[in-house]
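> In terms of the working numbering, the sequence shown has 81 at position 55, counting the first letter as 1, and numbering is strictly consecutive.
If you're looking for bench data, these hints aren't it; they were derived computationally from the structure.
We put the beta carbon where it would ideally sit given N, CA and C, even for glycine.
One or more hints might be untrue.
[What the hints assert, rightly or not] Here are the computed lysine to any residue pairs in the SDA-like style, where the Cα-Cα straight-line distance is at most 25 Å:
no.: 1; residue 1: Lys76; residue 2: Glu65
no.: 2; residue 1: Lys38; residue 2: Phe81
no.: 3; residue 1: Lys53; residue 2: Met39
[As the list claims (entries may be wrong)] Derived CB-CB ranges, DEER-like:
no.: 4; residue 1: Glu79; residue 2: Asp49; range: 12 to 20 Å
no.: 5; residue 1: Val47; residue 2: Ala83; range: 30 to 38 Å
no.: 6; residue 1: Glu70; residue 2: Phe35; range: 16 to 24 Å
no.: 7; residue 1: Ala72; residue 2: Val95; range: 41 to 49 Å
no.: 8; residue 1: Val95; residue 2: Met71; range: 34 to 42 Å
no.: 9; residue 1: Ser69; residue 2: Asp49; range: 16 to 24 Å
no.: 10; residue 1: Ile54; residue 2: Asp90; range: 29 to 37 Å
no.: 11; residue 1: Thr40; residue 2: Leu80; range: 33 to 41 Å
no.: 12; residue 1: Lys76; residue 2: Ile54; range: 19 to 27 Å
no.: 13; residue 1: Asp44; residue 2: Ser69; range: 18 to 26 Å
no.: 14; residue 1: Asp46; residue 2: Arg74; range: 38 to 46 Å
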Amino acid sequence: MAGEPYRGFIMKMTMHIDEDVLDRVMKITGAKTKTAAVEIALSEMARRHKMKELFSAGLGLTPDELRNVFAPESDPDAISVKHVAESPAPYGKPDPA
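Taking the hints into account, I'd like the entire structure generated from these sequences.
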C-alpha cells in the first residue's frame, strides 16, 4: 500500500487474543486497528528484548559509566543543562519567566 513502510513478508493468521488486553493496547498506543495494535505490541516486545541484550553486553562501558549515562544526576560532577540555562526559582515563589 502506498505510504506504508516495507515490513517484510506479511501473513494472515487466526489468533485467539484476550479482547480486554487488546482494547487496552489500542488505547495505550492509539492504534486505530487491532492489527496495528498487535504489530505495535510485537515490535515493542522485540525492541525490549534487543535493549535487554544490549544492556547485558554492557555497551562497552563500566558500571559507573553506564550509571552516569542513564542517571547523570548520580554523578556529583555532572552539570545539568537546566542549571546552566537558568537559575532555579526560589522555593515557594513563582518563577518570573
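> Against each hint, give a clear statement of whether it holds in the structure.
Now the hints, each set against the structure:
no. : hint                        : result
1   : Lys76 <-> Glu65             : holds, 16 Å
2   : Lys38 <-> Phe81             : violated, 34 Å
3   : Lys53 <-> Met39             : holds, 23 Å
4   : Glu79 <-> Asp49: 12 to 20 Å : violated, 31 Å
5   : Val47 <-> Ala83: 30 to 38 Å : holds, 32 Å
6   : Glu70 <-> Phe35: 16 to 24 Å : holds, 20 Å
7   : Ala72 <-> Val95: 41 to 49 Å : violated, 23 Å
8   : Val95 <-> Met71: 34 to 42 Å : violated, 24 Å
9   : Ser69 <-> Asp49: 16 to 24 Å : holds, 19 Å
10  : Ile54 <-> Asp90: 29 to 37 Å : holds, 35 Å
11  : Thr40 <-> Leu80: 33 to 41 Å : holds, 34 Å
12  : Lys76 <-> Ile54: 19 to 27 Å : holds, 20 Å
13  : Asp44 <-> Ser69: 18 to 26 Å : holds, 19 Å
14  : Asp46 <-> Arg74: 38 to 46 Å : violated, 22 Å
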